[in-house]
Structures are given as C-alpha cells and as structure tokens.
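2 protein chains.
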Amino acid sequence: MTRRLYDLCGIDEELRFSPYCWRVKYALAHKGLDYETQPWHFTDKQELAFANHDKVPVLVDGDEVVTESYEILHYLDRVYPDRPLLGDTQAEARARFFKFYAERSLAPGMMRTIIMDLLNAIHPKDRDYFRETREKRFGRTLEEFHSPAKGLSQLDQALEPLRGLLGESNFVDGDAPAAADYLLFGPFMWARIVSTADLVSNADPVYAWMERMLDLHGGLGRSAMRIVDIEGAYDA
Amino acid sequence: MTRRLYDLCGIDEELRFSPYCWRVKYALAHKGLDYETQPWHFTDKQELAFANHDKVPVLVDGDEVVTESYEILHYLDRVYPDRPLLGDTQAEARARFFKFYAERSLAPGMMRTIIMDLLNAIHPKDRDYFRETREKRFGRTLEEFHSPAKGLSQLDQALEPLRGLLGESNFVDGDAPAAADYLLFGPFMWARIVSTADLVSNADPVYAWMERMLDLHGGLGRSAMRIVDIEGAYDA
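Line by line, the protein sequences give chains A and B. Heads up, the first sequence is in UniProt numbering, so the first residue is 1 and it goes up one at a time. Heads up, the second sequence is in UniProt numbering, so the first residue is 1 and it goes up one at a time.
The hints are simulated quantities; they were obtained by calculation from the structure and are not laboratory data. Treat the numbers as computed from the prediction; the structure is a model and nothing was measured. A virtual CB, placed ideally from N, CA and C, is assigned to each residue, including glycine. It cannot be assumed that every hint is accurate.
[To be verified] Think about it this way: if two alpha-carbon atoms lie no more than 35 Å apart in a straight line, the pair counts; the simulated DSBU-like pairs of lysine-lysine are:
no.: 1; chain 1: B; residue 1: 150; chain 2: B; residue 2: 136
no.: 2; chain 1: A; residue 1: 45; chain 2: A; residue 2: 125
no.: 3; chain 1: A; residue 1: 136; chain 2: B; residue 2: 150
no.: 4; chain 1: A; residue 1: 150; chain 2: B; residue 2: 136
no.: 5; chain 1: B; residue 1: 31; chain 2: B; residue 2: 45
no.: 6; chain 1: A; residue 1: 125; chain 2: A; residue 2: 136
no.: 7; chain 1: A; residue 1: 150; chain 2: B; residue 2: 150
[To be verified] Footprint (simulated), chain B over chain A, 3 or more residues, beta carbon under 8 Å:
no.: 8; segment: 83-95
no.: 9; segment: 100-107
no.: 10; segment: 159-169
Build the full structure now, drawing on both the sequences and the hints.
Quick look at the structure:
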C-alpha cells in the first residue's frame, strides 16, 4: 500500500510551497510514516474529484481519503496513536487555536510581503486563476495589496506572543515539537520557498525556532527546493 | 486554615480590577476552593515582604506562599489535581501561549483604550506611582498614550484568531472552560471593572464568550463591583 499526498507545485514540479501541505508533511514525518507526493496545480480541480474536494492537501491512505490539513492531523492521531500530534481533549482544544493564529494573524502579514514573489513562483497555467481569486478576496489588485512595509509591521506585531513563549522554550509544544509547531510553521515554509524576504530578525527567539524547525526530521524543511534554487526564476 | 489571596483594590476597597488576580479568582472557583481576599494597593509593597514579592496576586494557602498568576494555576493543579486547569504536559505547554497572547496582544490594545479610566479607578494614594511607572514603560505621558481609536483597532486585529476559534466552540478550552479561558479573560475583567468602553461588537463570537465567562461559577465576574456602581466615580 502506498500512502499518497496531493501537494501543490509551482513553476518547477519540485517547488512545493503550500503552507497547508507543509503541515501535513511535518506531521507524517513526526509519525514516521512513509508517503509519496502527487504534484498538483491550482487548476487541476478534476484530479481531486474523487475526494469531493478542490484543494490540497488530500491524503490517500489505503482506502481512506482525508482532506484539510487540520483534519489530516486528527486522522493521523486516530489511526496512528503513537507520538501524538494534537493530543488528548484539552491539548487538542488548545491546538486548534494555533490553526487560527497561523491563518488569521501570521499568514496575512506574510502574504502582503511576499505576494508578488508568490505569483512568480506559481505555475504559469495557474497564474490567472490565482490572480482572479486573490484579487476578489483582497478587494484590490495584487500590486495594490503588495506592501512589504505594512506586511512586515503587521507580522511583527502578530509574532509578539510567540516571541514571548519561544524566549522560554524550544518549541511551542514544549521541549519537543508537535501539532502547534507544525500548524504555525506551515506559513513560514510557504514564505521561505517562494521568497528571500527576511520575515524575522536573526536576534528574535522566533528565528532560532525557525532554524530548529528547518532541522527537524532529517532537515525536511531545509532540504526543500526554493525558488532561488531554480536558475533564472528569481530576480527580486 | 484560611486561604488568602492578596488582591489589588481601587478607589473603593471592593473595586478589584487586576487582570492577574482575576485569573486566580476564576481558577480558585474552577477548583471549588474557598478563599478570602486581602485588599492591597500598588504602594503597599511592605505588606508583601513576607512573600519576597512586590506585586499581586499572592496566594497564601496554609504554609504555602505562591506568587505570579501562572505559577498559582500551576500550584493549584499540583496540590488540587481534580478539575485540571493547565492539564498534562502537552496541554500545559500550549496553555502557556495564552498567557503571552493575553499580555502581549490583547492587553496592550485595551490599555490604550482604557488608560484614563484606569487612572480614575485607582486609589488616590497609588496614582503618582501608577503614572510614574507606566509613563516610563510607555515612553510618553498617559495622556499621549491614550488613544481609543488606535487601541480598539489594535485589539480588533489581535482578536482575529480568537474570533475564529470561538466561532466553532463555546470556550477556548473546548466545551468547558479551563486555564486558557481564564488566562485570556483576566484582561477583559480588568477593562470591564474600570471602564464602559465597548471593546467588542455584540455580534462578535468573542462577545458571546465574554457573556458566558461572566456567568460562570455563579456569576463571579458579572457580580463584581464596577466603577459605574460607585456614585459619582465615573463621568466619562
């Protein structure tokens, strides 16, 4: 049986930047589970019809098809209970906050900073789709939305509680990483893959945590292809 | 044996607004533990000399003296393990984030909004001390720091992940409240006691949570004296 993860790819099939897919790749590594990835583009909606879904990640595990990153973490804890990701009832309730903190506090500031880099990293056949859906969401053009000054300032403020916590412990989940770390690190991988923007000062406890996260699971994050690894692809 | 909590008071001895003390009062009620409060003023430093500390809350429980709100929650779980507040290792690590989120994301926006109301609620003998220490911390006068427009906008942005979570569950800790709820609710009680500022729209899931929190433990929060209950004390 092969475990398969549908994973968003960009201008290169090995350029994988989806923050939601990164959560799942870290979670699978945390559990020590093998898998293959299936490269997918934003506009390959038909390929996910079997899952009744139109976005990645989609995990196919034997007969099981699971969508949405948080639900996949939940599924993994249920079927592979060793090395808990979300943990028991009280721990799981708290983990859920980090999903929202990542998506509603951290990612928006990053998005304003890296949006033009992100567009550049997306496969050409997906760019019209990306522009149309995001411009509708933001209520303005990507070029108008793009503002590293505003984005970095927003991110800096949003990171304040994380900075406090990581000044006292190595991981969000304590001495060892688990779901809260992976939920938050997804957006950092997203930005790292498509952009060279320095989101966090290297004197920040958040920076030291990012370095630890990159090293985890045999350097899973650090070894991932970045846009700067593709000759001629990045001219910022 | 009487359990005693040193609790900050304002212009009236029954006006109790410390966000850190509110965390502990909710935690004691959660555990079903009786206690008496000892009213304390910012400048009564000598009265806490026995605890080698200069701030409240200070909990005296038989021979034990415990300071700092988070440490008191920890102590209560250790000595009275029924009805866990922080919970096991993984849950506890995650709870710690909410301490920082309350203190570094939520309270600063509230502070800018209610600072002049807060000064007005403080006992006259404490006001010089309060002004001096806070103006040093803010790097400007209280009057310059005071900006409900900026404060409410900052708070609105900081509440975004909490809003997402509470759109899906009754409490931060799930179906029932525990440490994460109490850690976050402290600052909301602080603002409620000293000010009539509407921090959150009544259509916001955070507002519905605040109402639930006020009703908990026999209306512990709702029945607390507010500045508006003191005749002539509040003329905003």
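Evaluated hints:
1. 150/B <-> 136/B: It holds: about 20 Å lies between the C-alpha atoms, which stays within 35 Å.
2. 45/A <-> 125/A: Cα-Cα ~13 Å, so holds.
3. 136/A <-> 150/B: Given pair residue 136/A, residue 150/B holds - Cα atoms ~28 Å apart, limit 35 Å.
4. 150/A <-> 136/B: 28 Å, holds
5. 31/B <-> 45/B: 29 Å, holds
6. 125/A <-> 136/A: Status holds; Cα separation ~19 Å.
7. 150/A <-> 150/B: Holds: residue 150/A and residue 150/B sit about 16 Å apart, inside 35 Å.
8. 83-95: It holds: at least three residues are needed, and the segment 83-95 of chain A offers 10 whose Cβ sits within less than 8 Å of chain B.
9. 100-107: holds (count 5)
10. 159-169: holds (count 8)
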